[in-house]
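Engineer: The primary structure of each chain is shown beneath.
Protein chains: 2
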Amino acid sequence: MRIETRFTKLVGVEHPIVQGGMMWVGRAELASAVSNAGGLGILTALTQPTPDALRREIERCRSMTGKPFAVNLTILPSMTPPPYAEYRRAIIDSGIKIVETAGHNPREHVEDFKAHGITVLHKCTSVRHALSAERMGVDVISIDGFECAGHPGEDDIPGLVLIPAAADKVKIPMIASGGFGDGRGLAAALSLGADGINMGTRFCATIEAPIHPRVKQLLVDNDERGTNLIFRSLHNTARVGKNSVSDKVVEILKKPDATFEDVAHLVRGAQGRVLLESGDLDAGLVWAGQVQGLIHDVPTVAELIGRIVREATDIIGRRLPALLA
Amino acid sequence: MRIETRFTKLVGVEHPIVQGGMMWVGRAELASAVSNAGGLGILTALTQPTPDALRREIERCRSMTGKPFAVNLTILPSMTPPPYAEYRRAIIDSGIKIVETAGHNPREHVEDFKAHGITVLHKCTSVRHALSAERMGVDVISIDGFECAGHPGEDDIPGLVLIPAAADKVKIPMIASGGFGDGRGLAAALSLGADGINMGTRFCATIEAPIHPRVKQLLVDNDERGTNLIFRSLHNTARVGKNSVSDKVVEILKKPDATFEDVAHLVRGAQGRVLLESGDLDAGLVWAGQVQGLIHDVPTVAELIGRIVREATDIIGRRLPALLA
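Line by line, the protein sequences give chains Y and X. So in the working numbering, spot 43 of the first sequence is number 43, and the numbers just go up one at a time. So in the working numbering, spot 257 of the second sequence is number 257, and the numbers just go up one at a time.
Keep in mind the hints are simulated off the structure, nothing from the lab. Just to be clear, a hint being listed does not mean it is correct.
Identical copies look the same in the list; a pair holds intra-copy or inter-copy alike.
[Said to hold, decoys possible] Below, simulated DSS-like cross-link-like pairs (lysine-lysine); rule was C-alpha separation at most 27 Å, straight line:
{"id": "1", "residue 1": "Lys114", "residue 2": "Lys242"}
{"id": "2", "residue 1": "Lys254", "residue 2": "Lys9"}
{"id": "3", "residue 1": "Lys9", "residue 2": "Lys216"}
{"id": "4", "residue 1": "Lys216", "residue 2": "Lys169"}
{"id": "5", "residue 1": "Lys97", "residue 2": "Lys9"}
{"id": "6", "residue 1": "Lys169", "residue 2": "Lys242"}
{"id": "7", "residue 1": "Lys67", "residue 2": "Lys254"}
Build the full structure now, drawing on both the sequences and the hints.
Structural biologist: Encoded structure:
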């Protein structure tokens with residue numbers, strides 16, 4: 001039994017489950033596994049060092065799955081921004097049909113993708129940003145709650161409130177993100193008005209995720225309290241796994257006059273990559289969401305998606321109706 | 001059509017909807033209205049100035065409803081604690097059959113209530129506290145997420161993660177609290193493994209809530225961002241409505257060495273009572289949750305509960321099953 005929503009029909013996937021666009025993790029191994037299992041896999045553009053490397057990664061993913069997959073393009077404020085327009089061009093030239101955008105001022109990218117007939121999911125963390133993306137012409141909103149790994153924004157609104165508040169105003173299909181890891185969450189998201197879920201941290205704890213087994217085991221071992229919010233005082237809040245590095249960043253940034261420069265040596269992206277690849281859990285920051293509290297094993301992607309769909313259809317088809325009197 | 005759960009059967013109410021035990025608001029007018037509408041109304045013990053006044057309030061509530069209602073006893077750290085044991089005695093003597101406990105070290109109270117055959121709901125904000133209350137012998141856990149008004153604890157785990165994480169371990173019936181205001185939330189809570197919901201802020205925006213109409217209108221006007229977290233640096237975090245007083249408290253407590261004494265003149269409970277009764281929205285603190293973003297009107301309690309049950313049964317009986325393919 002399957003779950004069909006406005007999202008699955010629009011995007012042409014079997015299950016309303018999207019893989020989060022995660023730095024260093026969103027490679028062909030994981031994206032193809034998710035798409036092969038009937039979800040929507042996502043390559044992360046900026047994980048590739050150059051636009052040409054992204055072209056090759058897209059080809060590699062295509063050789064691993066015949067099903068639809070997407071590419072994520074995240075626009076973050078930076079002193080030395082990557083060549084976004086060239087990455088965008090690589091995505092368009094490669095014939096990609098679905099893109100996930102995230103971050104600041106996506107208009108120029110959204111307009112170009114739309115002009116090339118690409119379906120655009122835009123990830124954001126507030127109702128007002130969802131409405132502005134809808135006006136911009138995106139096809140799907142991915143609404144990201146306070147529970148999430150990565151950047152939850154500064155409003156701190158969790159999915160239980162954020163999803164229905166957005167559903168009251170957003171007309172296009174909507175994917176719920178942040179805190180999802182099982183069939184209960186999928187059924188809850190659908191109840192709250194979403195058309196599917198996005199999972200990042202949960203997909204990191206799968207056989208196919210291209211990260212060190214010790215990192216996967218960390219996600220199993222941690223409970224829901226195993227995260228730190230960092231960069232709050234810099235108005236660029238990020239949720240990461242609790243470890244010696246993120247504890248230190250929190251401590252340093254508690255000082256009233258602390259700036260990013262005081263922690264820059266601790267938080268370079270390359271260090272996060274070393275952590276993921278080496279399994280040295282204190283090498284840098286690792287993005288991890290509160291859903292760690294619901295992660296108890298490291299299955300294959302197909303096992304995970306199959307289990308989530310079975311659990312959600314059992315809740316929807318049997319457990320909830322049994323409560324009606 | 002109704003929704004029957006382990007909770008409705010255990011407690012003997014028609015709908016799995018509990019009114020939050022709110023200071024100054026949990027009086028006979030609201031509690032009886034909720035119970036008459038088939039939910040579980042709750043009087044707040046400490047809203048009454050003396051244990052004898054509580055005895056009279058219980059009698060008054062009984063004269064207004066023939067259905068079950070409960071009394072809340074919240075134990076908070078205090079330099080000059082109220083006479084908890086005498087309030088407890090008033091509850092037991094009055095023949096109350098259902099009690100909600102909340103706060104620190106409830107053991108002595110729980111044991112006495114249980115010895116008198118009283119059904120005890122215990123409200124807490126973490127899985128570990130839920131398990132310790134279960135071991136203590138309470139009958140129902142009310143698990144309170146980060147979204148809530150009042151004291152969310154210091155873990156900041158929202159319901160989307162907290163409810164299923166608790167449901168994985170807690171065996172007794174469980175009520176989900178924090179962020180609930182409509183039938184979508186009730187269906188989501190049931191999906192996540194809860195046996196019902198608790199609503200505080202949403203019940204404040206009803207005709208029967210004994211507070212000034214301007215406060216009710218504030219809850220309608222505010223969106224999900226209209227709250228402040230105060231007392232975080234004092235490790236006694238509380239979520240209150242955003243107003244000039246809570247903004248000032250946040251500002252003062254930002255100073256590294258600020259103590260409770262620096263804000264004590266702003267946050268006396270009596271000032272919150274003045275706000276609720278006079279409708280002077282800057283008179284003090286008012287507890288309000290993020291669910292404000294889902295509050296769009298001020299109906300009667302019966303209209304509200306009827307609407308929530310209709311919406312949840314429609315989601316469970318029709319909208320969700322229609323997604324199965």
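Engineer: Of all the hints numbered above, which does this structure not satisfy? Sort the numbers upward.
Structural biologist: 1, 2, 3 and 7
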